[in-house]
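Visitor: Could you slot chain B onto chain A? The hints should help.
Protein chains in written order, with the working numbering: chain A, 10 to 492; chain B, 876 to 953.
Since the hints were derived computationally from the structure, they do not count as laboratory data.
Please note that the accuracy of each hint is not assured.
In silico negatives: residues of chain A with every beta carbon more than 10 Å from chain B [to be verified]:
#1 27
#2 86
#3 94
#4 98
#5 119
#6 139
#7 222
#8 237
#9 332
#10 347
#11 378
#12 384
Subject to a maximum C-alpha distance of 25 Å in a straight line, what follows is the list of computed SDA-like cross-link-like pairs (lysine to any residue) [as the list claims (entries may be wrong)]:
#13 A:107 - B:920
#14 B:909 - A:81
#15 B:909 - B:947
#16 B:909 - A:172
#17 B:909 - B:934
#18 B:893 - A:66
#19 A:80 - B:911
#20 A:237 - B:913
#21 A:69 - A:80
#22 A:269 - B:913
#23 B:893 - A:125
#24 B:889 - A:125
#25 A:41 - A:20
#26 B:909 - A:335
#27 B:889 - A:118
#28 A:329 - A:83
#29 B:889 - A:335
#30 A:329 - A:492
Predicted model, so just to flag it, every value in this text is computed and none were measured.
Backbone N, C-alpha and C fix where the C-beta goes; we use that ideal spot for every residue, glycine too.
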Amino acid sequence: MSTQLEVTYDRQIESAVSEISNRLQYQYVLSKRAIALLLLQEDEDIIAMVKEKETNNYLKISRIIESTKQKYNRPLNYIISLSRQKKVDTIVEETMTKVQGKENRIADYLSRLTMNPLTGVPILLLVLYYGLYKFVGEFGAGTVVDFLEEHIFGVFINPWVNGVVQTYIPWTWLQDLLANDYGIITLGIRYAVAIILPIVGTFFLMFSIIEDSGYLPRLAMLVDRVFKKIGLNGRAVIPMTLGFGCDTMATMVSRTLETKRERVIATLLLALAIPCSAQLGVILALLSGAPGALGVWLAFIGFIFLLIGFLTTKILPGDKPSFYMEVPPLRLPKVSNVLTKTYTRMQWYFVEIVPLFILASLLIWFGNLTGLFGVVISWMQPIVNFIGLPDKAAEAFLFGFFRRDFGAAGLYDLQEAGLLSPRQLVVAAATLTLFVPCIAQFSMMLKERGVKTALAIAGFIFPFAFIAGWALNWVLITFKVLP
Amino acid sequence: MNKSTHLISLSDMKIQQKGVVAELVTDNGSILRKLMSMGILPGTRIKLIQKFPSYVFQVGYTQVAVDREIASVISVNI
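This is chain A alone, in the form it adopts within the complex (with noise of 0.2 Å):
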């Protein structure tokens, strides 16, 4: 059985909701004292709502609000807040007893040393060595990769689908449009199934103990104070690391900042500095042949992505970030918890994405049978011969567009013919870093920050990934930094 909870607030808190409850006229979902309540806190969905129902009324119960306002020299909200946390006190000393001595010690332990910045930035190397660079880059896009890829897909599916594609379909733009170099089942499936899925499966997994274990938090207040010289506080830690998985679910998730201006910068920094997993995972294994060449990408996005936080901060207007943050206990992560967020994760992607990666290849397929993309390509081999790239090089960008992954693929197939120096390699791989957006990211930013600002920030960006690759390509070949 439950019983109402009465707070009785001071006298003139309570001659104040009686004298709105007595004006209000309409049948609300919730009581009248209730309604009152909310108006005199200035909830502001609960003002627009009564402003709308009781129109001319509305005057007189916004007289009373001022007028009570007038009597305090703090918010109601907080004069409100404070007899209701007078009456969760009794409350609480009525009825709860503390047991002594039951907190975990070593997660106490634990919890000190991730927020020491002495020992809590070590750890985060060790978690992003491990958790990123070993479990999702070696296992996740190497060995689960290599394994669908070259085993399931290049010896039983590939083979057969362009087998029976030859056999029964007479057209070769439908066999191309189905099968061979870029058809929706031998490039578009097989992309999605043997490439993207064990990488951000092996992300997501990872993500989700992470979360689970309340280190999240941690993370943020470690680095608020760095994140708010790029205009952003702690809490985008979680936007941002969710980026290196898929950077289309870490824009929609920016939306969680707090004000308008966090949020454009988190996403412009989304879609110019940090690698999704797909791509992280190609440009690993791309750069870890070339000594050096690993370092030299790093220390060259970690700086992009600083300085053009930092660039944007002075520019853009709006109030600074403030950082609060809970901080829960450390906790062991449920397996099942883990594994039903992962799995959701997981069927959110293939649902959003996969469709887009079929759209990716029907676009690549029609580019190649209509000539289109030799046009583009043509146009765009000056450029890429501008930050000392070969003219081959302008396909793998073209195809980035479409999938970031598919353009550091693309640059996987000059690396094996052998077209490209270390230095190149480090160029091409930069500059498709910062390079625009995939589509699907792109189609995020426009419902998420709306066409203008969208816009505004590609229009930002594909000029800007040149010239800096221009730059990095100047730098390294003036300080002889890689052959």
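Guide: Here is chain B on its own, set in the frame of chain A:
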């Protein structure tokens, strides 16, 4: 003045120092709302745990991390 209690801002407290929240000194409605939503109100016991890189403190059964701007708003009776 009372024998041992005096008011200081949370940002001036020492690590492990305990006190009782006396007042939230700001007109910024958004900061007030944030603090109130986490149960930080006059009368609650508070213990500072860490100051750098962010302020971390214990209120009731929860730990909260805030930046310097918010920490300086919380006035504590120690």
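Visitor: Confirm or reject each hint.
Guide: Hint check:
A cut-off of 10 Å between C-beta atoms confirms that residue 27 (chain A) is not in contact with chain B; the least separation is 24 Å. Remark: the non-interface label on residue 86 (chain A) conflicts with the geometry, its nearest Cβ contact in chain B lying 7 Å away (cut-off 10 Å). Residue-level check failed: residue 94 (chain A) sits 5 Å from the nearest beta carbon of chain B, not beyond 10 Å. Residue 98 (chain A), annotated as away from the interface, has a beta carbon of chain B within 10 Å; the closest lies near 7 Å.
Every CB of chain B lies more than 10 Å from the CB of residue 119 (chain A), the least distance being 13 Å, so the non-interface label holds. Non-interface status of residue 139 (chain A) relative to chain B is upheld: no Cβ of that chain comes within 10 Å, the nearest being about 23 Å off. With 10 Å as the threshold on Cβ separation, the claim that residue 222 (chain A) sits away from chain B holds: the shortest Cβ distance comes to roughly 15 Å. Not every C-beta of chain B lies more than 10 Å from that of residue 237 (chain A), the closest at about 7 Å, which undercuts listing it as non-interface.
Listed as a non-interface residue, residue 332 (chain A) fails to keep its Cβ farther than 10 Å from every Cβ of chain B; the least gap is roughly 4 Å. Non-interface status of residue 347 (chain A) relative to chain B is upheld: no Cβ of that chain comes within 10 Å, the nearest being about 23 Å off. In this structure residue 378 (chain A) is separated from chain B by more than 10 Å, as the shortest Cβ-Cβ distance comes to about 56 Å. The beta carbon of residue 384 (chain A) is kept farther than 10 Å from every beta carbon of chain B, the shortest such distance being approximately 52 Å.
With a C-alpha separation of about 15 Å, the suggested pair residue 107 (chain A) and residue 920 (chain B) falls inside the 25 Å cut-off, and the hint holds. The hinted pair formed by residue 909 (chain B) and residue 81 (chain A) meets the criterion: a straight-line CA distance of about 20 Å does not exceed 25 Å. A distance of roughly 14 Å separates the Cα atoms of residue 909 (chain B) and residue 947 (chain B); the hinted pair therefore holds under the 25 Å criterion. Proposed proximity of residue 909 (chain B) and residue 172 (chain A) is contradicted: the alpha carbons are some 63 Å apart, above 25 Å.
About 14 Å separates the Cα atoms of residue 909 (chain B) and residue 934 (chain B), which keeps this hinted pair within 25 Å; it holds. Proximity of residue 893 (chain B) to residue 66 (chain A) is assessed by CA-CA distance (about 50 Å); at most 25 Å being required, the pair is judged violated. Under the criterion of a C-alpha separation no larger than 25 Å, the hint pairing residue 80 (chain A) with residue 911 (chain B) is consistent with the structure, at around 21 Å. Of the supplied pair hints, the one linking residue 237 (chain A) and residue 913 (chain B) holds, its CA atoms being roughly 22 Å apart against a limit of 25 Å.
With a C-alpha separation of about 17 Å, the suggested pair residue 69 (chain A) and residue 80 (chain A) falls inside the 25 Å cut-off, and the hint holds. For the given pair, residue 269 (chain A) sits about 23 Å from residue 913 (chain B) by alpha-carbon distance, which is consistent with the 25 Å threshold. A distance of roughly 20 Å separates the Cα atoms of residue 893 (chain B) and residue 125 (chain A); the hinted pair therefore holds under the 25 Å criterion. Note on residue 889 (chain B) and residue 125 (chain A): the hinted pairing holds, with a Cα-Cα distance of about 16 Å set against a maximum of 25 Å.
A threshold of 25 Å between alpha carbons decides the hint, and for residue 41 (chain A) with residue 20 (chain A) the separation of about 18 Å falls inside it, so the pair holds. Of the pairs offered as hints, the one joining residue 909 (chain B) and residue 335 (chain A) holds, with about 11 Å between alpha carbons and a cut-off of 25 Å not exceeded. Pair hint residue 889 (chain B) plus residue 118 (chain A) holds up; C-alpha atoms about 20 Å apart against a cutoff of 25 Å. Between the alpha carbons of residue 329 (chain A) and residue 83 (chain A) the distance comes to roughly 23 Å, so the proposed pair stays at or under 25 Å and holds.
A threshold of 25 Å between alpha carbons decides the hint, and for residue 889 (chain B) with residue 335 (chain A) the separation of about 21 Å falls inside it, so the pair holds. For a cut-off of 25 Å, the pair hint linking residue 329 (chain A) to residue 492 (chain A) is broken: about 44 Å separates their Cα positions.
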